[in-house]
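Chemist: Residues per chain, in single letters:
There are 2 protein chains.
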Amino acid sequence: MVKQERAARTRQLLLQAAAEVFVREGYARASLSTISARAGVSNGALHFHFETKNLLAEAVEECAAATLRRIAVAANEAPGSALQRLIDATHRLMAALHQDVVVRAGFELCAAAGRRGGGPDLRREWQDRVVKLLAEAERKGDLAEGVTAADAAMAVVTSTVGFEMLGSRDRAWVAPETVARFWELLLPRLSRPEVLGELSTRCADVVGPPPV
Amino acid sequence: MVKQERAARTRQLLLQAAAEVFVREGYARASLSTISARAGVSNGALHFHFETKNLLAEAVEECAAATLRRIAVAANEAPGSALQRLIDATHRLMAALHQDVVVRAGFELCAAAGRRGGGPDLRREWQDRVVKLLAEAERKGDLAEGVTAADAAMAVVTSTVGFEMLGSRDRAWVAPETVARFWELLLPRLSRPEVLGELSTRCADVVGPPPV
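Heads up: the sequence lines are chains A and B, in that order.
If you read the first sequence in the working numbering, its first letter stands for residue 109, the second for the next number, and so on.
If you read the second sequence in the working numbering, its first letter stands for residue 109, the second for the next number, and so on.
Read the hints as simulated data drawn from the structure, not as lab findings.
Warning: the hint list may mix true and false statements.
Copies of one chain are not kept apart here, so a pair can be met inside one copy or by any two copies together.
Claimed, not checked - Dumping the calculated DMTMM-like pairs for lysine to aspartate or glutamate here, alpha-carbon to alpha-carbon at most 25 Å:
#, residue 1, residue 2
1, Lys248, Glu185
2, Lys111, Glu244
3, Lys161, Glu306
4, Lys161, Asp208
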């Protein structure tokens, strides 16, 4: 491995280890030496990559934000109605929270008391994405009569934050089956009856753990 | 003030100060000396009431649990349908989260990473309450066709946890107006059409901050 590759690999190990320790112990309790030990690198190597715990947390948040942005880009560029792309995006976010400790740590760091660094605000980015997709559905006339994009977004955002929180203790909350049941409940209220039949509450490329 | 009254008053000051410091700095960062200073009592007095930070956190959680149980008892004993009592209970819980830092701290402590003391699990208690009220609504035939108590409870629990989380950063999320809009969206999907007209999405005795 050339030097640059090795450095990138060490950085990746540190991010993964930091995410695991932040999730298990919380940001405030997590120590840099626990993180370097878990990554199997020296304290010196850790300090070479990240001078402070806050910089390490920001890197974890940035990494989680990159995943969130990939989900957002997919939701923008995929074919199909805005409602279907929103359903698929919630499935992908929940799968990422389930499978990737860096994503989970990123969301938890954003909510941690006593910490507001310069990193991205993941919940706010997710909320903006939900609002945009529902505004598009509203413009196209896909929302049910009397339902506004703002109210629909409130219901979807609060629920997905709840899934994320409850899922951090019990992963069944972020299972695809649970997310599908949520959409089966909510969708008939959000969608115009004429488009309801075209929508699927599942996302074909997301598989995961058993439901709640 | 007699001695016993003074001790109870000091204990109350300490609980309030601890809740404020836990919310502001997080459990792991909070120091007992910051808490005693905020309460305006000596470190000795703090240690007389609470030997460890964990015992203090458990006392905050117990105090929040007592408020939650009062809301639950009101939801059990009030007249009216189970759905209306559930709506009112969500309004009362959100108002408590908004107005009472001890309730807010209690919920946040339950979710804090690296901490699982012997205190009550407030989110679990709330979830059980929601499930029971919706099971009652189901038995009475008040739920819409094809909607189960379990699925309705999932939607209500995830959303209320989301409101709680988002409300800890921006109180407008737990405003009565926001909660009423949530029910206006969800209720037509949960309730049998024949009982919908009898239900109010507001709770007369709850007032609060402006909406989102």
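Chemist: Take the hints in turn and mark each one as holding or not.
Modeler: Structure-based check of all given hints:
Taking the shortest Cα distances, Lys248 and Glu185 sit within 25 Å of each other inside one copy (17 Å), while across copies they are farther apart (46 Å). Taking the shortest Cα distances, Lys111 and Glu244 never come within 25 Å of each other, neither inside one copy (47 Å) nor across copies (65 Å). Taking the closest pair of Cα atoms, Lys161 and Glu306 never come within 25 Å of each other, the shortest separation being 48 Å inside a single copy and 55 Å across copies. When the C-alpha separation of Lys161 and Asp208 is checked against a cutoff of 25 Å, the pair qualifies only within one copy, where the shortest distance is 20 Å, while the shortest distance between copies is 32 Å.
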